[in-house]
Amino acid sequence: MSVIAILTTNKTTYDSLHGILAMVGAEFDRLGHEVQMLNLLAPETPARLTALLPRRAETMAIGFSGIGLELYTNDKKLFWDEAQIPCFTWFCDHPSYYARRHGLESRYLAHGYVFPDHAAFNRDHLRANGAVFATHMGIPDPGFFGALPPEKRNGRLVFAKSGWNPAELERTYRTTMPPKLFAILFDAIAEARGKFCSTFPEIIVRVAAEHMVYLTPGRDVFNTILTRLDNYTRAVRSREVGAVLLDYPVDFIGGGWDDLAGKGRHARILGAMPFEAMREGLGSYLAAVSLNPNVDLSMHDRVFFALGAGTVPVFDTNSFSAAHMPHLARYSFGQDQNAASVAAAVEAVLADPATAQAATAATFDELYPRFSMSRSVQDIHEITMSMTGTAGARLLPAEPAPPNVWAPTAKVA
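Be aware that the sequence shown starts at -14, since it is given in this note's numbering, and climbs by one per residue.
Warning: the hint list may mix true and false statements.
Said to hold, decoys possible - So the derived label-pair ranges between C-beta atoms look like this:
(1) ASP60 / ALA376: 20 to 30 Å
(2) MET22 / GLY115: 28 to 38 Å
(3) GLU195 / LEU26: 39 to 49 Å
(4) VAL221 / LEU38: 40 to 50 Å
(5) MET(-14) / ASP232: 46 to 56 Å
(6) THR157 / ALA257: 20 to 30 Å
(7) SER304 / PRO31: 38 to 48 Å
(8) PRO259 / THR184: 31 to 41 Å
(9) GLY179 / ARG112: 23 to 33 Å
(10) ASP232 / GLY179: 15 to 25 Å
Read the hints as simulated data drawn from the structure, not as lab findings.
Quantities reported herein were computed from a predicted structural model and do not represent experimental measurements.
Built from N, CA and C at the ideal position, the CB exists for glycine as well.
Use the sequences and the hints to build the structure in full.
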């Protein structure tokens, strides 16, 4: 068993990353590991990190979205290198955001992603450490959610999503970007509609070339465009889905929806809510609507969380759901957010809740524990403790097989 240092902070939006890391810590604890939660903003944390040094051989660290990745000593050296403690960072955002962080090189760092699509971008364009990893968020232990039985649920859907305003984003981009890059961005946005992030690099490079700008994926100017394209397309998708949901018994949770208050017949705009309140309330809803962040090869954490809570997930379909979640096909909609397909998915749940809940239970039975958070943290432990740091260094060089067939010092007769 190992010492697992969970690197966290209480300064994230809705305290969501801390909440997820607390679940990760609980999953490690169930597996028999010694878990230490380290709030990087707490004054005692440096001393607690120092106390881990005598146990470095049995210790690993894990953070989310770069939390704790860039810890430096007073002489500007990476703490993980100096401490010789391997650290796994589980990224949820595309590597084009803060690309320098995603490309940080160290034998003691493992760059991991909840979405394989993002890991592939790092492999192809940032090439951090020569290896990156993908591990699905997975379904947390159902005990986290306190799910109510079907007959005691409130009959409503929840849409936990921040409501970015595309018009405001466009105004910001127009005033802050050079005109040529702004033109490239919105030409690329037009082509990217309904597509997954794996297609974005080719679209951006091709569209930029039409403007006689020749970009290298993963570099600064390219990332300037990709991050804005990703933000804008996700904002449009959120707004389009939100507009449909206004006519149904849906609770909107998250900032940015105030302008829709009072415009729907049955929807309620509840505003921002801490992660813990959302986790505790998820199991009281009939269904949860979620949007994948332009990814094709996994699902958003809220889909996995809904399954753990026995709450019907309503989501945009992709390759992962088509392969692994066929029972829920009626409750999914297209990547292009066609209003009719969103409405059809919601109405299918409301028209026959019992069938939707049965499909959710069947999906859980097929995915758990194969796609569980417990399985994911086991993978993370294996990656971190056997492929990075001192253990990783022992993997190379490989011995010739059979021995003595070839060696750099062998003499040719």
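Tell me, in ascending order, the numbers of any earlier hints that this structure violates.
Checked against the structure, no hint fails, so every one of them is satisfied.
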